[in-house]
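Here is how the chains run, residue by residue.
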Amino acid sequence: EVQLVESGGGLVQPGGSLRLSCAASGFSFSSYWMHWVRQAPGKGLVWVSRINSDGSSTTYADSVMGRFTISRDNAKNTLYLQMNSLRAEDTAVYYCARAGGLYCISTNCYDYFDYWGQGTLVTVSS
Amino acid sequence: DIQMTQSPSTLSASVGDRVTITCRASQTISDWLAWYQQKPGKAPKLLIYKASSLESGVPSRFSGSGSGTEFTLSISSLQPDDFATYYCQQYNSYWTFGQGTKVEIK
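Residue numbers (the numbering used here), protein chains in the order written: chain A, 1 to 126; chain B, 1 to 106.
Source of the hints: derived by calculation from the structure; they are not laboratory data.
Some clues are possibly wrong.
Stated by the list, open to error - Only some residues are given here: those of chain A computed to face chain B with a beta carbon under 10 Å:
no.: 1; residue: 45
no.: 2; residue: 47
no.: 3; residue: 73
no.: 4; residue: 110
no.: 5; residue: 117
As the list claims (entries may be wrong) - Residues of chain A clear of chain B, computed beta-carbon distances all greater than 10 Å:
no.: 6; residue: 30
no.: 7; residue: 35
no.: 8; residue: 40
no.: 9; residue: 124
Claimed, not checked - Straight-line C-alpha distance at most 25 Å; calculated PhoX-like pairs for lysine-lysine:
no.: 10; chain 1: B; residue 1: 42; chain 2: A; residue 2: 43
no.: 11; chain 1: B; residue 1: 102; chain 2: B; residue 2: 39
no.: 12; chain 1: B; residue 1: 50; chain 2: B; residue 2: 106
no.: 13; chain 1: B; residue 1: 42; chain 2: B; residue 2: 102
no.: 14; chain 1: A; residue 1: 43; chain 2: B; residue 2: 45
no.: 15; chain 1: B; residue 1: 45; chain 2: B; residue 2: 102
no.: 16; chain 1: B; residue 1: 39; chain 2: B; residue 2: 106
no.: 17; chain 1: B; residue 1: 106; chain 2: B; residue 2: 45
no.: 18; chain 1: B; residue 1: 106; chain 2: B; residue 2: 42
no.: 19; chain 1: A; residue 1: 76; chain 2: B; residue 2: 39
no.: 20; chain 1: A; residue 1: 43; chain 2: B; residue 2: 106
no.: 21; chain 1: A; residue 1: 43; chain 2: B; residue 2: 102
no.: 22; chain 1: B; residue 1: 39; chain 2: B; residue 2: 50
This one's a predicted model, so the numbers in the text were calculated from it and none came from an experiment.
C-beta: ideal position from N, C-alpha, C; glycine also.
Starting from the given sequences, assemble the full structure and let the hints guide the process.
Structure, rendered in structure tokens:
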């Protein structure tokens, strides 16, 4: 059974840092691209970041570029999101998600999110 | 950036009703579209990918259609477990979600 379990959320002051983890099990973690998605309280889903299977390629939403860093440790089956210079607008539940149905044509790749973790809440407030 | 617009934002329906949700993309996305269901306090769940492909284990009352810029999610006979919020997502260029459609009990 595929399982994704996030941890590391909590209350942090504006300007502070936090590192989220996502422990994966039930599948070959090193073979899959992975994503982080967030959802502010009462709001919709927003994609945050993506990492390829070996960690050599990363992509970020404009809103977090330069502040957040996605990484992975395939030996530990764990995905990370390092969040620095946190702002009030970063307050959200953060989900990790597995990239499903990855299909690449030339330099273009397409994937959706087939499994999600339960989420971890990050609150940025003084 | 590709914007996704869902309609309606809220839908009131009864058990047994046929329900249709529309999702429009700001530019063509071929059929790189997924639909998710989310219940309060829970993670989203994949229902449909590539516009019309049903994810394994998802009941056949769910169906998706469309290509280009206009897409629909249909539920043929609404069940009590289907009252939830539904999101479309394009994955043609990066990943963008619609604002969600809440299906509530009439």
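Hints and how they fare:
1. 45: 4 Å, holds
2. 47: It holds, given that the least Cβ distance between residue 47/A and chain B is near 4 Å, below 10 Å.
3. 73: 23 Å, violated
4. 110: Since the shortest Cβ distance to chain B is 5 Å, the answer is holds.
5. 117: Since chain B brings a Cβ to about 6 Å from residue 117/A, closer than 10 Å, the hint holds.
6. 30: 22 Å, holds
7. 35: Non-interface label fails for residue 35/A: nearest chain B Cβ at 7 Å, not farther than 10 Å.
8. 40: Nearest chain B Cβ is 12 Å from residue 40/A, so the label holds.
9. 124: 21 Å, holds
10. 42/B to 43/A: Answer holds: residue 42/B to residue 43/A is near 14 Å, not above 25 Å.
11. 102/B to 39/B: The hint holds at about 10 Å.
12. 50/B to 106/B: Measuring from Cα to Cα gives roughly 31 Å; hence the hint is violated.
13. 42/B to 102/B: 14 Å, holds
14. 43/A to 45/B: 17 Å, holds
15. 45/B to 102/B: Holds - the C-alpha atoms of residue 102/B and residue 45/B are around 15 Å apart, at most 25 Å.
16. 39/B to 106/B: 17 Å, holds
17. 106/B to 45/B: OK: residue 106/B and residue 45/B at ~23 Å, within 25 Å.
18. 106/B to 42/B: Holds, because 23 Å separates the two Cα atoms, which is no more than 25 Å.
19. 76/A to 39/B: With Cα atoms ~31 Å apart, residue 76/A and residue 39/B exceed 25 Å; violated.
20. 43/A to 106/B: Satisfied, since the Cα-Cα distance of roughly 23 Å is no more than 25 Å.
21. 43/A to 102/B: 12 Å, holds
22. 39/B to 50/B: Answer holds: residue 39/B to residue 50/B is near 22 Å, not above 25 Å.
Figure legend: structure checked against the earlier numbered hints; hints not met, in rising order: 3, 7, 12 and 19.
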